[in-house]
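Q: The listed protein sequences correspond, in order, to chains A and B.
Those letters in the first sequence? Residues 1 to 356, per our numbering, in order.
Those letters in the second sequence? Residues 1 to 189, per our numbering, in order.
Rather than coming from a laboratory, the hints here were simulated on the basis of the structure.
Beta carbons: idealized from backbone N, C-alpha and C, even for Gly.
A portion of the hints provided could be inaccurate.
Covered stretches of chain B (in silico footprint by chain A; criterion: 3 or more residues with CB under 8 angstroms from a CB of chain A, positions within the stretch not fixed) [said to hold, decoys possible]: (1) 50 to 56; (2) 78 to 89.
Subject to a maximum C-alpha distance of 25 angstroms in a straight line, what follows is the list of computed DMTMM-like cross-link-like pairs (lysine to aspartate or glutamate) [as the list claims (entries may be wrong)]: (3) A/K35 - B/D103; (4) A/K35 - A/E50; (5) A/K154 - B/D90; (6) A/K64 - B/E178; (7) A/K35 - B/D107; (8) A/K35 - B/E187; (9) A/K64 - B/D107; (10) A/K35 - B/E178; (11) B/K164 - B/E178; (12) A/K35 - A/D9; (13) A/K64 - B/D103; (14) A/K35 - B/E99.
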Amino acid sequence: MRHLLSIADLGRDGIEEVLAVSEAFAEVERRPIPKVPTLRGKVVATLFFEESTRTRLSFETAAKRLSSDVLSFSAASSSLKKGESLRDTVETVEAMGIDALVVRHPSAGAAHQVARWAHRARVVNAGDGWHEHPTQALLDCFTVRQVLAEQAGKEAASLGVGCFAGLRVLVVGDVRHSRVARSEVLAYTALGARVTLAAPGSLLPSSLEGWPVTVADDLDAALGEADVVSLLRLQAERGSGAFVPSLREYTAHWGLTARRADRLADHAIVTHPGPMVRGVEIASDVAELPHSVVTRQVTNGVAVRMAVLFLLLGAGGPSGPARSEPVSPEAETAGSPEPVPVDPVLPGAAIGVGGG
Amino acid sequence: MAERERSHTRPLGGVFVAHARVLSATDMQRALTRMAHEIVERNSGLDDIVLVGLQTGGVPLARRMADVLDGLGDAAIPVGMLDVAFYRDDIGLRPVLPEAATDIPVDLTGRIVVLVDDVLFTGRTVRAALNALSDFGRARAVQLAVMVDRGHRELPIRPDFVGKNLPTQREEMVDVTEDGVSIGKLEGR
């Protein structure tokens with residue numbers, strides 16, 4: 001694996017490997033000194049062109065626990081303000097000998113574009129517009145497996161990915177604007193789970209063609225059937241507010257209220273990528289129920305991101321230009337902007353181009 | 001460690017072909033019993049002893065060693081296991097992945113840790129293990145028990161308890177299983 005841009009890069013085996021290595025790093029996190037010397041001398045830069053609390057902190061914690069050096073870049077305090085292009089920013093950062101770029105950007109395809117420009121550095125997509133957020137989906141799978149293992153009284157590692165076969169996953173909320181939803185659909189279905197979307201029509205992607213999912217129009221009925229409920233935040237900064245009549249009406253029809261939570265099966269797991277907006281997609285009391293694994297997701301996020309950085313920078317043997325894919329002359333000379341790649345698996349993602 | 005050696009020695013993933021049986025299963029059990037007594041003798045008892053098996057070859061040996069030691073003392077000896085992948089000095093030079101779980105059941109501060117492995121070769125795994133152990137507390141002492149010392153050290157590391165000293169050639173391979181110890185070569189894929 002050279003870059004992690006989309007869950008589609010991993011496939012079932014790749015996801016299984018990330019989960020297995022994450023398990024080893026979760027053990028590291030439980031140690032008195034939760035730090036290993038694995039990536040000494042490597043430099044990881046986080047390039048965030050969009051705000052974030054947990055993803056950025058999580059990646060930086062992960063990189064530091066692997067003993068790599070961490071550089072932090074935020075658009076607000078950079079030369080972007082002076083008119084520097086994304087390409088020049090990437091090339092500048094790369095010229096400093098940086099080994100991995102963790103990129104968050106409001107435009108779909110930005111991480112793919114950065115990967116095309118990066119000759120040496122490995123690129124991790126930490127969220128690109130409406131498109132994908134692969135590490136979030138990986139940590140969701142990791143957390144779900146951990147809970148399934150506890151329910152079965154087994155070691156999580158011993159379950160492999162077989163525990164996802166036939167698992168009923170219900171994704172509720174603003175699917176249209178959610179990169180988490182796209183990555184989750186790819187990840188869960190690759191592992192053999194059955195994914196159902198529950199959202200008002202206005203918050204579903206304009207086309208679901210090619211999505212291996214079913215759509216539930218009645219949330220109340222679907223909740224009782226679900227093993228895993230993935231709640232999504234209403235993305236006000238991407239204009240979700242205009243897609244629903246009012247927040248109260250959204251909550252009444254699509255929020256996980258205390259009354260609806262009663263319908264959940266005893267074993268059901270409720271995930272949320274954060275930040276939660278209590279009182280909109282999830283009632284405050286519900287966020288505290290035993291079903292909710294939100295805090296655990298955050299904890300596991302560090303182990304999963306350690307695994308991703310280790311697999312990109314450490315596990316594969318010799319790295320650097322010698323092993324990088326050849327760069328075609330056109331790609332070298334083509335001026336920005338280049339066409340933004342469209343994910344072949346989820347065509348609906350294309351609507352996210354230039355979003356935010 | 002024989003397995004790890006095998007998977008890391010070129011050609012990667014070759015087939016081990018045994019040329020000679022060096023220790024039988026009975027010989028191995030006798031060696032384990034002797035080493036257990038040496039551990040008791042060296043430490044004047046079994047107070048504060050913790051066994052830590054190195055993944056993957058050292059773990060079953062550590063368990064068997066603990067079975068013998070449990071018969072010699074009053075209390076059960078804690079047994080841990082350690083995978084040193086994240087501490088190796090060849091990360092980035094060849095593929096490195098954790099092979100099995102790490103589980104250190106007690107705080108090592110003030111304890112006497114006996115590292116257990118099947119084969120001692122270059123000493124690089126033990127170097128990595130010493131690094132890893134220090135993240136679990138400051139042990140009072142760390143000692144090293146191996147079933148086979150085959151020489152060719154690349155670091156100043158020596159074992160405290162040895163099942164068998166076995167002179168080898170560098171390209172030879174030592175295989176330790178439940179049934180005994182064999183010496184042989186790795187044949188190409």
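Q: Each of the hints needs a verdict: does it hold here or not?
A: Going through the hints against the structure:
no. : hint            : verdict
1   : 50 to 56        : violated (count 0)
2   : 78 to 89        : holds (count 4)
3   : A/K35 - B/D103  : holds (15 angstroms)
4   : A/K35 - A/E50   : violated (28 angstroms)
5   : A/K154 - B/D90  : violated (33 angstroms)
6   : A/K64 - B/E178  : violated (40 angstroms)
7   : A/K35 - B/D107  : holds (16 angstroms)
8   : A/K35 - B/E187  : violated (39 angstroms)
9   : A/K64 - B/D107  : holds (24 angstroms)
10  : A/K35 - B/E178  : violated (34 angstroms)
11  : B/K164 - B/E178 : holds (16 angstroms)
12  : A/K35 - A/D9    : violated (28 angstroms)
13  : A/K64 - B/D103  : holds (22 angstroms)
14  : A/K35 - B/E99   : holds (19 angstroms)
This entry does not satisfy hints 1, 4, 5, 6, 8, 10 and 12, going by the numbered hints stated previously.
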